[in-house]
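A.B. asks: For the protein sequence lines, the chains are A and B, in the order given. The numbering used here applies: residue 205 is where the first sequence begins, and numbers increase by one. The numbering used here applies: residue 78 is where the second sequence begins, and numbers increase by one.
I should point out that these hints are in silico values taken from the structure, not numbers from a laboratory. These numbers come from a predicted model, not from an experiment.
So these bits of chain B aren't anywhere near chain A, every CB distance computed over 10 angstroms: (1) 84; (2) 90; (3) 184.
Below, a list of computed lysine to any residue pairs in the SDA-like style, where the Cα atoms sit at most 20 angstroms apart: (4) A:287 with A:241; (5) B:184 with B:161; (6) A:261 with B:169; (7) A:274 with A:260; (8) A:274 with B:171; (9) A:261 with B:172; (10) B:86 with A:246; (11) B:99 with A:244; (12) B:172 with A:279; (13) B:86 with A:242; (14) A:261 with B:174; (15) B:92 with B:117; (16) B:172 with A:265.
Have a look at the derived ranges for each label pair, beta carbon to beta carbon: (17) A:226 with B:119: 16 to 22 angstroms; (18) B:184 with A:266: 39 to 45 angstroms; (19) A:231 with B:107: 24 to 30 angstroms; (20) B:118 with A:221: 27 to 33 angstroms; (21) A:284 with B:133: 39 to 45 angstroms; (22) A:261 with B:89: 36 to 42 angstroms; (23) A:221 with B:153: 48 to 54 angstroms.
All C-beta atoms, glycine included, are put in the ideal place defined by N, C-alpha and C.
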Amino acid sequence: DGGITQSPKYLFRKEGQNVTLSCEQNLNHDAMYWYRQDPGQGLRLIYYSQIVNDFQKGDIAEGYSVSREKKESFPLTVTSAQKNPTAFYLCASSMSRDRDGGYTFGSGTRLTVV
Amino acid sequence: AQRVTQPEKLLSVFKGAPVELKCNYSYSGSPELFWYVQYSRQRLQLLLRHISRESIKGFTADLNKGETSFHLKKPFAQEEDSAMYYCALYTGGFKTIFGAGTRLFVKA
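Input sequences plus hints: build the corresponding full structure.
C.D. replies: So this is what it looks like as structure tokens:
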């Protein structure tokens, strides 16, 4: 069953800690994305990657880092530098040559700072 | 500036009534627009894209370049249409801008 798997579903972080959110896809998609979803603000792009070993900052990259060592995986690290990390994080993927096909999304990770 | 605006945070209609979810965009190039839907306890998923000119689950959306709009319409709303709807604009370079979303509530 092809798709995107995000884990964990819920994550609690103490202030000052770094945490890593997992995103894995078996769709053979070239491009992967991380979005942050806040109430009333829609989805905002954090980072995206078109191919392995390459990634670009989105609109709100400060306080976040990513890696793309494998085509299937695009983990997101929320660092202690992120001022307001409590949010719902969505991972997505798409075929790079078929952007008109839209995105496939994961089920999301809800991060809460305690 | 590139922007997607969904003016209604919440839209409530009765079952069987027509529904229109508004989306306006600001973009200097040739727009590629999408509607995504998120049903309760399900993941966000693509509903339709303007380039396909398709009808999905009875919904249609027409791109109006003169009014810079891409409103989502359905002639007869069903209770199962209740969900969060997002309009999205592909701006090139693998970047897509999403609107803030409209929650549709269809009353029995």
